[in-house]
Amino acid sequence: MLILTCPCCGVTAEETEFHGGGEAHLTREGPGSDDAALEGYLFHRENPRGVHFERWRHVYGCGKWFHAARDTATLEWFGFYPAQTSEPPEALLEQIRQKRPGWRWRDFA
Amino acid sequence: MSTRLTTGGQRIDRSKPVTFTFNGTTLKGYEGDTLASALLANDRMMMGRSFKYHRPRGVVASGTEEPNALLGIGSGGRFEPNQRATMQEVFEGLEAQSQNHWPSLAFDIGEVNAKLSRFLPAGFYYKTFLWPRAFWKHVYEPFIRQSAGLGKAPKDRDADTYEHYYHFTDVLVIGGGLAGLTAALAAAKGGAKVTVMEQEAHWGGRAPVDDGAAEEVAALVAELEGMETVTLRLRCMGAGVYDHGYVLGYERLTDHLAVKSGPRHRLWRIRAGQVVTATGAIERPLSFAGNDVPGVMLASAVRDYVAHFGISVGDRTVVVTNNDDAYLTALALVGAGLSVPAILDARQGGGGALADQAKAKGIRVLNGHGIAKVQGRKRVTGVAICKQVGEGAVIEEIACDAVAMSGGWSPVVHLWSHCGGKLIWDDAQAMFRPDPNRPPTGADGTGFVSVAGAANGLLDLSDALPDAAQTGAMAASFVTGKASGDIALTDRKPRGDRPIEPVWLMPASAKRALRAKSWLDYQNDVKVTDVQLAAQEGFESVEHAKRYTTLGMATDQGKLSNINGLAILSGALDTPIPQVGTTTFRPPFTPISMGAIAGPARAEVFQPLRRSPIHAWHEAHGADFEPVGQWRRPYTYLRSGEDRHTAVAREINQTRNALGLLDASTLGKLIVKGPDAGRFMDMLYTNMMSTLKPGFCRYGLMCSENGFLMDDGVVARWDEDTFLCHTTTGGADRIHAHMEEWLQTEWWDWKVWVVNATEQYAQIAVVGPQARSVLEKLGATDIGNEAFPFMTFQDHTLAGIRARVYRISFSGELSYEIAVPASQGLALWEALMQAGAEHDVMPYGTEGLHVMRAEKGFIMIGDETDGTVIPQDLGLGWAISKKKTDYIGKRAQERSDMTRPDRWKLVGLETLDGSVLPDGAYALADGHNANGQRNVQGRVTSTYHSPTLGRGIAMGLVLNGPERMGETVQFNKVDGSSVAARIVNPVFYDKENTKNV
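Residue numbers (full-length UniProt numbering), protein chains in the order written: chain A, 1 to 109; chain B, 1 to 997.
What the hints contain is simulated information worked out from the structure, not anything from laboratory work. Keep in mind that a hint or two might mislead.
Some chain B residues judged to face chain A by a derived CB distance under 7 angstroms, without partners named [stated by the list, open to error]:
id: 1; residue: H244
id: 2; residue: W748
id: 3; residue: W750
The calculated DSBU-like cross-link candidates involving lysine-lysine, where the alpha carbons are at most 30 angstroms apart (straight line), are [said to hold, decoys possible]:
id: 4; chain 1: B; residue 1: K152; chain 2: B; residue 2: K361
id: 5; chain 1: B; residue 1: K387; chain 2: B; residue 2: K189
id: 6; chain 1: A; residue 1: K99; chain 2: B; residue 2: K422
id: 7; chain 1: B; residue 1: K673; chain 2: B; residue 2: K884
id: 8; chain 1: A; residue 1: K64; chain 2: B; residue 2: K673
id: 9; chain 1: B; residue 1: K493; chain 2: B; residue 2: K189
id: 10; chain 1: B; residue 1: K52; chain 2: B; residue 2: K16
id: 11; chain 1: B; residue 1: K890; chain 2: A; residue 2: K64
id: 12; chain 1: B; residue 1: K16; chain 2: B; residue 2: K28
id: 13; chain 1: B; residue 1: K493; chain 2: B; residue 2: K361
id: 14; chain 1: B; residue 1: K378; chain 2: B; residue 2: K152
id: 15; chain 1: B; residue 1: K751; chain 2: A; residue 2: K64
id: 16; chain 1: A; residue 1: K99; chain 2: B; residue 2: K482
id: 17; chain 1: B; residue 1: K883; chain 2: B; residue 2: K777
id: 18; chain 1: B; residue 1: K693; chain 2: B; residue 2: K387
As the structure is a computational prediction, the values presented were derived from the model and not from experiment. Backbone N, C-alpha and C define an ideal beta-carbon position, used for all residues, glycine too.
Chain A with its partners taken away, still in its complex shape:
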């Protein structure tokens, strides 16, 4: 059972206090989008072995959604940050690059 830290209220607690919400930083495809873009938005999710950006909600706490970066293989957290952004903060990306040389944002290959 993972331990998470909510960046909104600052509480560090067990996974059962939170609820996972899948991959972070998807772009909503609304009316006017083409079929391929819609398909990607609704159905396709990255499932990397390694660095992953995730959505979580502190559902039995402050109720706020937030984002987290995690290594899916080692379960290491790189950081937690508010959900009100469309990209991870640069400082976090830099920290991940330090720990995982050669890693690049949104390079899932």
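With chain A's structure known, arrange chain B on it following the hints.
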């Protein structure tokens, strides 16, 4: 025969005899005995029968790894099957029963399976039970069901209680052997808060028997007990190691007591900074023909029974080994005055210092030899010996009544592996052991598990203890951030062993007849030939071979068999053992009780129960409750002599003809407020909500981003900035979360707030032709159809209570839903009941609600919808805005699958004979599909008896349904027949809406 010796036994107290029963026979043991040792004292070597062949099986081990001696313990509400006799301590009055035999343990019909073993090879079920199809239901399944399962499931409600215990510790040491205790002391002296758990009832592990270290163990425990920062727990197993230092401990509190009080088991939910697994090692059996005959035991177990319990498992014990450890057994037996006719050492060069001691005692030692075959069926009568290198030509037969075998030791790596710790193959010691460079990692990416003692592959205390001390000190340093000092250790010299030589099959080139009697997995009856057959048939992955043969899939999870099995697989595939790899180690280490997992969460505290403010009144007035989410809602109100059906009909008739009341308090009430509320509502609902005028109501539909209908309800615009969204009872929390998610993660710059006010209001629906008059009687004025029209709301004072009254209807009747503060709900309800008495007002329940909405053709979320239905399927196109550029789900509803013309659409259904259609029945179509199943063209989504119309009515989704009005379609029934129904308009009652005026 197995007997109690007149002296000896470190653990038993001969001054305290206890009596217990085994299969109804009263037997004697001593305090300190395990059930296994007490049975052996009474010459009950045979303790069970195997799963597949029902072969007679005796106890083979002395600890947690025991695969054979599984018994049912206790009776009634305290009966539990599949308990290991080696772990169960005896107490006065204990009741034990053997399992998996009929009619008796000694004589068993199922043993015929053993005679057929040639015809029951690996994968037998997969190969045999393929066809014909009809045989599955009537022949194969009953046969498999009858054979399946070892013990019988308890029939009575569990009489015990269980608890959970949350625990936080810097260093958790799992295993209270000498290595674990040493690591714990080092960690505690390093300044860490330390917890030590030992699954058995005694500290010290193997050290008191194998190393004569009982006093050293006692001194260590005494020192640890004296430290405030140390918690020690016996009978407490480390069950599983999980992410980020989460560990489950399983403590057995009363299983060893005659008088039970307090919780039976305690589940420790632990967060540890560092975990040290000092879980020891398990001795491996050797694979020779007849290695499962009762009397063949692990060498370590044989000496445990002598040393701990003063038990002789046999007068003459042949020892067979590939390492030096088993010599300890021979020395212990001879020391107890028993006879060891021979030690068969498979190694050409024989053993080291211990072997010299054995020879000095005059024991006959045969190097390069092994067992060709064990003689005897229900008990060992002798062994035929052979050269290890050959095919098993018998050199000599030795009469004996027990065999002590040792195939080497496998470190218990389970807890290390549970959370991703990796293993390396140690060729010199022929074992998998933890790879210190690849531990399970925690939240910060560093390892949080380390290993001490035999679990780390260090079988000699002179290596293990310095390593354990260092491991404990380092674990403390990780947590405290400070360097730890050294602790004093007893000076030990290496034992002087000669290296083990792996022996995976005895003799090495055993013929098939011998291999087919060489057991790997005792509990599941997997033999050497089965694994070889699996390899031959292409099951090359160890995970596939495991499932094909069932090796390691029994309740012992292959603690004895896994390494031997994969070594045989490795040989059959001609692939080195490390490349074959192990199967996955999953928690728990040994089975834990369901009660411990549930803890206190059972019966009325299993889930929170939500009650409406009027709940107590319902209870006092015959409410027959049904669960709706966590709520309890009255299904109907039973009067004396009524059944549910009659009561529902009465409530509906009275509501349609005069007056009914419904407690609608459980319906979700979400307040959406802010300058951008209208804009947000337009995204949430398919309708245009921003144009709704304050004071007005509108029925709205909410879809998921996938386009599917997820909730519906009436929206009221309280003022320019504020909307009240009614949701379904079960949907309130989900829809609230849905709104929060979009607001927080997509439109976070919109000025909107959402509050779930469901429990702040009581809401009562006043329904029926007399609804208006009863409101007037309670003080409402000017509420005629024009002054207070349908789909509006007004504030009134009713019976002195300030109320918000919504004129909305889910029944087609004149209807007002009255919202008041929750604290006033009961007062208003009682005032309404009193005022309505002149009209014989009746409360109605959820079933009346459902039938009346179905009579009017209103959909119900969860009946007409199931997560694959879009509003367009339900004839609700009128509630979808054509003007809006966007709403959640709009783009998805343009997908080709959503717009295809052959989607099933909502219609009403009337059986020709007036009967009620079965719920979920399919509309039959001509022909069959590729799977041979009948083609279908629709299904029933709601079906009821309508007391208003006196016949069955239903709604359903049917292919091209709305264009097929009047057509007759056949629906299937459970008994295989079908029933004809006509496709009709889904509005069955008052199509012209004459009543809601």
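Next item on the list: Starting from the hint list further up, note which numbers the structure goes against and sort them upward.
Entry: 3, 4, 5, 10, 17 and 18
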